[in-house]
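Asker: What follows is each chain in one-letter form.
2 protein chains.
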Amino acid sequence: MAKPLLQVALDHSDLKGAIKAAVSVGEEVDVIEAGTVCLLQVGSELVEVLRNLFPDKIIVADTKCADAGGTVAKNNAVRGADWMTCICSATIPTMKAALKAIKEERGERGEIQVELYGDWTYEQAQLWLDAGINQAIYHQSRDALLAGETWGEKDLNKVKKLIEMGFKVSVTGGLNTDTLKLFEGVDVFTFIAGRGITEAEDPAAAARAFKTEIDKYWK
Amino acid sequence: MAKPLLQVALDHSDLKGAIKAAVSVGEEVDVIEAGTVCLLQVGSELVEVLRNLFPDKIIVADTKCADAGGTVAKNNAVRGADWMTCICSATIPTMKAALKAIKEERGERGEIQVELYGDWTYEQAQLWLDAGINQAIYHQSRDALLAGETWGEKDLNKVKKLIEMGFKVSVTGGLNTDTLKLFEGVDVFTFIAGRGITEAEDPAAAARAFKTEIDKYWK
Chain X
1 MAKPLLQVAL
11 DHSDLKGAIK
21 AAVSVGEEVD
31 VIEAGTVCLL
41 QVGSELVEVL
51 RNLFPDKIIV
61 ADTKCADAGG
71 TVAKNNAVRG
81 ADWMTCICSA
91 TIPTMKAALK
101 AIKEERGERG
111 EIQVELYGDW
121 TYEQAQLWLD
131 AGINQAIYHQ
141 SRDALLAGET
151 WGEKDLNKVK
161 KLIEMGFKVS
171 VTGGLNTDTL
181 KLFEGVDVFT
191 FIAGRGITEA
201 EDPAAAARAF
211 KTEIDKYWK
Chain H
1 MAKPLLQVAL
11 DHSDLKGAIK
21 AAVSVGEEVD
31 VIEAGTVCLL
41 QVGSELVEVL
51 RNLFPDKIIV
61 ADTKCADAGG
71 TVAKNNAVRG
81 ADWMTCICSA
91 TIPTMKAALK
101 AIKEERGERG
111 EIQVELYGDW
121 TYEQAQLWLD
131 AGINQAIYHQ
141 SRDALLAGET
151 WGEKDLNKVK
161 KLIEMGFKVS
171 VTGGLNTDTL
181 KLFEGVDVFT
191 FIAGRGITEA
201 EDPAAAARAF
211 KTEIDKYWK
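Going down the list, the sequences are from chains X and H.
For the first sequence, full-length UniProt numbering gives the first residue as 1, with consecutive numbering after it.
For the second sequence, full-length UniProt numbering gives the first residue as 1, with consecutive numbering after it.
Because the hints were derived from the structure by calculation, they are not lab data.
There may be inaccurate statements among the hints.
Stated by the list, open to error - Per label pair, the in silico range of CB-to-CB distance: (1) Glu201(H) - Thr150(X): 37 to 43 Å; (2) Lys3(X) - Thr177(H): 39 to 45 Å; (3) Glu199(H) - Ala2(X): 46 to 52 Å; (4) Tyr122(X) - Thr212(H): 46 to 52 Å.
This one's a predicted model, so the numbers in the text were calculated from it and none came from an experiment.
Just so it is clear, CB atoms sit at the ideal spot from N, CA and C, and this is done for glycine as well.
Construct the complete structure from the given sequences, taking the supplied hints into account.
Answerer: As structure tokens, this is what we get:
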């Protein structure tokens, strides 16, 4: 079982805040995400800034793309995004167009991740695999968490099933150093944390604490 | 039956192109949409520019928001968006948070529209109504249209059913002056056109042609 990667999500509403957070923690993580909230506020300039600051890190544009996949993927890939997210309710043609566009710009490095929100089915998931998509992101939505939901057995079973199907599965939503151990024994591809890292008093130390937990449970 | 509104979608990848299109056609339409592609490229500054150019028009931020509904809605509402879209796979807490935030900023004018992509059910649609959401947008996705799909009886029946349930329903995707008549007798709330208007040789004339068709079939 490979060691899970650590991804920091920059979900600021302003470019300065996102860049400050990225600088404080970027070298400690494997993947740096231009979050949806921030992309919708400042546009893909954020991706370009992150690419220039961190030429060797994986940069994700969390566009949650629902349509016009080719255009959105190209717009972000030319600015340096390696991975881009599509919402699970996007059509297969949208996902295929996004995958084609990101691979045209980024080569083998370019990948599309399907964001699992709301109701989706394993039948749909198989169609994503058939379309060449190899990554999925399993969420607890921020708003659902605020409404009191938490990680449980049903979530873990879905994550495991997706991994068995052949996806590299990232997990996200309210993760902290106490909750990582819930996934022990599960071949998680990437843990994604946002404010659990960026809002910590010492973000770099918080990222290292996540890494220490990962090292403890995935050897 | 009220006369359907006409909405122009600005789906440019650059601010200058979007603004040029808005200026050329904004006065001819009822609703001006900051499209997803453009928002992801340039951020919500586009909304602010549109609000300043067209103080009396309805401005839509087509964020296709999937999470963090309160933050995204506030970010766009403070810049002048009256309506904002949520993707149908967003959770109910996300939609409720978005609705609350947009109404806090825009009062009665503030509304959330659910974007219908992929698989959704009437049971889910009822939950959106119960959450206070009163608008839905029925699509042919751009990529699906490119893959050869078109408007048909099954689409019209879904639109009618949503209207019967109590939604104000907008329709979009590959609309032109020839396809509007397909909706004759249907209480469509808004017709949304993008490049069918903005890429016309004379965008203002194209918008007026849409209006003429609407006047012909909805008296």
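Asker: Please go over all the hints and tell whether each is borne out by the structure.
Answerer: Now for the hints, and whether the structure bears them out:
no.	hint	result
1	Glu201(H) - Thr150(X): 37 to 43 Å	57 Å, violated
2	Lys3(X) - Thr177(H): 39 to 45 Å	58 Å, violated
3	Glu199(H) - Ala2(X): 46 to 52 Å	47 Å, holds
4	Tyr122(X) - Thr212(H): 46 to 52 Å	48 Å, holds
Comparing the model with each numbered hint stated earlier shows that hints 1 and 2 do not hold.
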